[in-house]
Amino acid sequence: MDIRNVLVTGRLREELQVLRQRFPGIDFAFQDEGQPAQGIYDGYIGFVMAPGVKTQELKLVHSLGAGVDGLLANNRFAPGVIITRTVGDMPRRIARYCLMAVLMESWRMPEILADNQRRVWRQPRLSNFPGRVLIFGTGAIGSEIARQFSAQGCRCYAVSRSGRPKHPFLQVEKDYTAYRGGDFAWLINALPLTRETRDYFDYDLFSALGPANFINIGRGGTVAEADLIRAVEDGLLGRCYLDVAAVEPLPPHSPLWRYPDIVITPHVAGLTAGQEAVEAAAAVLSGILAGQPVPNRVDLNRGY
1 MDIRNVLVTG RLREELQVLR QRFPGIDFAF QDEGQPAQGI YDGYIGFVMA
51 PGVKTQELKL VHSLGAGVDG LLANNRFAPG VIITRTVGDM PRRIARYCLM
101 AVLMESWRMP EILADNQRRV WRQPRLSNFP GRVLIFGTGA IGSEIARQFS
151 AQGCRCYAVS RSGRPKHPFL QVEKDYTAYR GGDFAWLINA LPLTRETRDY
201 FDYDLFSALG PANFINIGRG GTVAEADLIR AVEDGLLGRC YLDVAAVEPL
251 PPHSPLWRYP DIVITPHVAG LTAGQEAVEA AAAVLSGILA GQPVPNRVDL
301 NRGY
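Residue numbers (this note's numbering): 1 to 304.
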């Protein structure tokens, strides 16, 4: 496959300028992702698809993030298009975010920080590190979360598309109802956004698996936000750490902001670093130009 001109967009476009030196035979264009594209490109690198890109002309679409839904949504591609994503060190960073959330809750840090603002010295009742955690998704991110939690003595279970056993999970099921009443301290969403996973986390799921705490480091669109709020109000969910939202940036009028038990972070758990983005894109381009298999290729039919 021959790649001659590539459009690069997004917040890392300045760091990615170095690709010009590493691939002198490719003509790179760099622009803001909100700016309409001019011309026809056979390669695209970014977090979301810029307006005006003739997607059916693309031979390569490379995501600067772990997810590809922002590039695939409402777009048509030619048969044989190569779609790839960036993984790098994201699984470890995202797993640490999840550990941070659980440790924050174990030491009641949200309450302690609130007491700080009121200048109140109060020793809250601490909770133990969770014994059982249910993780949705057994890919690189979900598996790394399980590895780090297992190292802390946690028993990790999973739901996946295939339901196939996988280390270090103690059990993997295709259907979450297999875990009904499973007494999980935390539910952790590491699912991609696909047709099958949109609004997957609904009131029925929270009813079947609650009461529990919840972490979303997957995709905002996998959660029916009105159902999550209802589950919080009804006591099915305790503390919720949401690093992603259906609409980002989360608008000020979103009802999610109103609930003290919902902690919102601005999509920082697996933030792509500049050098990480360069190396991931370079590995893909090198593989294509050499006629070799490319890393982190996405199955267009599955969406991940």
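Hints are computed from structural coordinates only; laboratory data are not their basis.
Each residue gets a CB set at the ideal place from its N, CA and C atoms; glycine is no exception.
Keep in mind that the hints are not guaranteed to be accurate.
What the hints assert, rightly or not - Estimated spans, in silico, between C-beta atoms of each pair:
1) Arg147 <-> Ala178: 19 to 29 Å
2) Arg76 <-> Asp2: 19 to 29 Å
3) Pro251 <-> Thr177: 50 to 60 Å
4) Ile40 <-> Gln117: 47 to 57 Å
5) Met104 <-> Arg147: 14 to 24 Å
Need the list of violated hint numbers for this structure, in ascending order. 3
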